[in-house]
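S.K.: Just so we're aligned, residue 1221 is where the sequence shown starts under the numbering used here, counting upward by one.
Source of the hints: derived by calculation from the structure; they are not laboratory data. Hints may be right or wrong, so weigh each one.
For each label pair, taking beta carbons as the anchor points, the in silico distance ranges come out as [as the list claims (entries may be wrong)]: (1) 1425 with 1401: 43 to 53 Å; (2) 1536 with 1474: 17 to 27 Å; (3) 1460 with 1520: 18 to 28 Å; (4) 1293 with 1425: 19 to 29 Å.
Just so you know, even glycine gets a beta-carbon here, dropped at the ideal spot from N, CA and C.
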Amino acid sequence: MAVTHDVSPQLDELVSTAHRIRQAIESVIEGKSDAVRLTLTVLLSEGHLLIEDVPGVGKTMLAKALARSIDCPVRRVQFTPDLLPSDITGVSAYNQQTREFEFKPGPIFANIVVGDEINRASPKTQSALLECMEEHQVTVDGVTYELDSPFMVIATQNPIEMEGTYPLPEAQRDRFTARVAMGYPEPAAELEMLDVHGGTSPLDKLQPVATTAEVRALIEAVRGVYVSQPVKKYAIDLVTATRHSPDLRLGASPRSTLQLVRAARAHAALSGRDYVIPDDMQELAIPVLAHRLLPSIEAQGQRRMPEQVVTELVRRVPVPETRAS
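Assemble the whole structure, with the sequences as input and the hints as a guide.
M.R.: Here's what the structure looks like:
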């Protein structure tokens, strides 16, 4: 018998609102239901999303569709080599009339920030996002400014076109809750895309289906989803296994454990449950953990990707016996 928690009365509303957002996004993105669900999972877990894939598969379209589905401030930043940190965070400018410095907020002061081709900016500019993504605040000239909730960074990058790019450092990648690869669409979905996108972009017709207050309420409800001690221990065991794997020279950080649990809460809530089960962790293990891992030289020689290593670890780590009672 399922445990009854305070979040239960809100689950129906959460699932209903999330379903509306999902339908709105899928009216623009054809045949990518898994990527859309993961995007919503990251949003409700108060995280950030890295969308990585080859050009032209809809990375920016997914980010824009989520942003337009919610009635909240949205800013898009095109990352380029000449972009400065102040172009993101804002700058203090001198006002000649008042003879005082005034802070001019940058695009980071929005609920959803879309960073297009993030790896085209210099590491110095990329680092401007570190404090924002982790602490939901910005410090400029010694003054700290809080960011509104919800706050989500959705960044895109192309893994193939590496000329003139700066790979994301480990500290930056670790702040992204999950990474998703769009992949090529199925032929049927691509055919439907030709029919739907042939004339005008469906983004032009997309209207908000949720308010900022509703999203805040959903996030608050997700925080109350129950995680038992055995399931928490299972999350720690999965992350610890990456640190001891001979195929990896860099395992997952303690931050990844926290984000795995948060994402599992959101995943459970979207499934209509007010408690987390090991299956939630297993489904999220690759998108939450793989992008944080660095393969060993031997694994690279054998072309063993971190995704493969995580899949094997999920298969090997003992699953706890849990009862929702």
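S.K.: Please write out, lowest number first, the hints stated earlier that are contradicted by the structure.
M.R.: Checked against the structure, the only hint that fails is number 1, while the rest are satisfied.
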